[in-house]
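Chemist: One letter stands for each residue in the lines below.
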Amino acid sequence: MSEMPVHAPVTLPRLNEPAPEFEAVTTHGVVRLSDFRDSWLILFSHPADFTPVCTTEFIAFAEIYPELQKRGVELLGLSIDSVYSHIAWLRNIEEKTGVKIPFPVIADLNKEVATKYGMIQPGASKTEAVRAVFIIDPKGILRAMIYYPLTTGRNMAEILRLIDALQTSDRHGVATPANWKPGDKVIVPAPQTMEMVEDRMKAGFEMVDWYLAKKSLE
Amino acid sequence: MACINPDGSLTPSALAVLRALETPATPAEIAQKAGLPLFRVRGSLRELVEAGLLAEREGIYSLTPQGREKTNA
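Chains as they are written, first to last, in my numbering: chain R, 104 to 321; chain Z, 4 to 76.
Just chain Z, same shape as in the assembly:
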């Protein structure tokens, strides 16, 4: 996984994506806030949803309670 290290910690780019989600946002908005290329954000979002740290509804992404916990860690 490009977002989650073997010890369960998040990579810097994954943390940047989570921290860009204070409020729910689209991939393009997240890319702008996080300063990451859109393609990279799309790949990270897939992994972070799969890991249960984000939820997606109609193209809008938001933190799950586990995701919020990770951003505060």
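If we strip away everything but chain R, and leave its shape as in the complex, we get:
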């Protein structure tokens, strides 16, 4: 009978708490998480430079970068590779595909940042980071996390949609339903008291019942 491998527990950061601070060497020099205060940040890890799925992802991240900038979002990549490897790979991507990677990439050789963010998941790989995405708001609070396995490239449309949903929630004090996209109706937070329920019933929202009401933002 084969035995399951035993791994040390992976520590994950937690939603709605301050994202773990770090200082790291990147392709744009030394950066600290706090350097990104006042803008949204997508911190994402990839398994390794010069690998096929990661290359398609970097091209895809570069393609959505202008849309992210319109939303006040910066990008910061990470892998357990040296800065020289990153530079060689990013130059190779530009040379072979014409796509310039405009955002910095952390060279996390000592795995310090990857460990803080639970990017090393030994069941997947002991030496490579999984495909993790962390969305950090302008106050440095971790707002969303997505983890993908090594074999599956990420969906950029979903990452943009998630940013839009978080920013819409913050701006309007609402939630967003399944498969929401900008322009769709949003969910009004559920009432907390009987009195609020009475008000809700008269508010003119699209009601399924008192706890599920939608409204248009236009």
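Worth flagging that the hints you see were computed from the coordinates, not collected in a lab. Note that CB positions come from ideal geometry on N, CA and C, so glycine has one too. Keep in mind that a hint or two might mislead.
Distance ranges between label pairs, derived from CB positions [said to hold, decoys possible]: (1) Z:GLU53 / R:TRP283: 43 to 49 Å; (2) Z:GLU61 / R:THR218: 45 to 51 Å; (3) Z:GLU61 / R:SER272: 44 to 50 Å; (4) Z:ALA76 / R:GLY256: 45 to 51 Å; (5) Z:ALA31 / R:PRO225: 38 to 44 Å.
DSBU-like, lysine-lysine: derived pairs with alpha carbons at most 30 Å apart [unchecked claim]: (6) R:LYS317 / R:LYS173; (7) R:LYS199 / R:LYS173; (8) Z:LYS36 / R:LYS203; (9) R:LYS318 / R:LYS284; (10) R:LYS242 / R:LYS173; (11) R:LYS173 / Z:LYS36; (12) Z:LYS36 / R:LYS242; (13) R:LYS173 / R:LYS305; (14) R:LYS288 / R:LYS318.
Based on the hints, put chain Z in the right spot on chain R.
Modeler: Then chain Z, alone, in the frame of chain R:
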């Protein structure tokens, strides 16, 4: 260092930061003037202060005499 080349010359982004400091300014003002992302400016400011080219007081940055010399070089 991302701002200073091994021969002591400044990188283009570091020069852009220094040239945005005709008058003392905050990181956000420097980012706007230099056309650089704020995170990049914050990292550059740290290095340029450490190198003695800038001084910081209560979040406002200004050129030191050495920094002024570099912008005129």
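Chemist: So, for every hint listed, does it hold in this structure?
Modeler: Structure-based check of all given hints:
no., hint, verdict
1, Z:GLU53 / R:TRP283: 43 to 49 Å, "holds (46 Å)"
2, Z:GLU61 / R:THR218: 45 to 51 Å, "violated (36 Å)"
3, Z:GLU61 / R:SER272: 44 to 50 Å, "violated (35 Å)"
4, Z:ALA76 / R:GLY256: 45 to 51 Å, "holds (47 Å)"
5, Z:ALA31 / R:PRO225: 38 to 44 Å, "holds (42 Å)"
6, R:LYS317 / R:LYS173, "holds (27 Å)"
7, R:LYS199 / R:LYS173, "holds (28 Å)"
8, Z:LYS36 / R:LYS203, "holds (24 Å)"
9, R:LYS318 / R:LYS284, "holds (14 Å)"
10, R:LYS242 / R:LYS173, "holds (18 Å)"
11, R:LYS173 / Z:LYS36, "holds (19 Å)"
12, Z:LYS36 / R:LYS242, "holds (24 Å)"
13, R:LYS173 / R:LYS305, "violated (37 Å)"
14, R:LYS288 / R:LYS318, "holds (5 Å)"
This entry does not satisfy hints 2, 3 and 13, going by the numbered hints stated previously.
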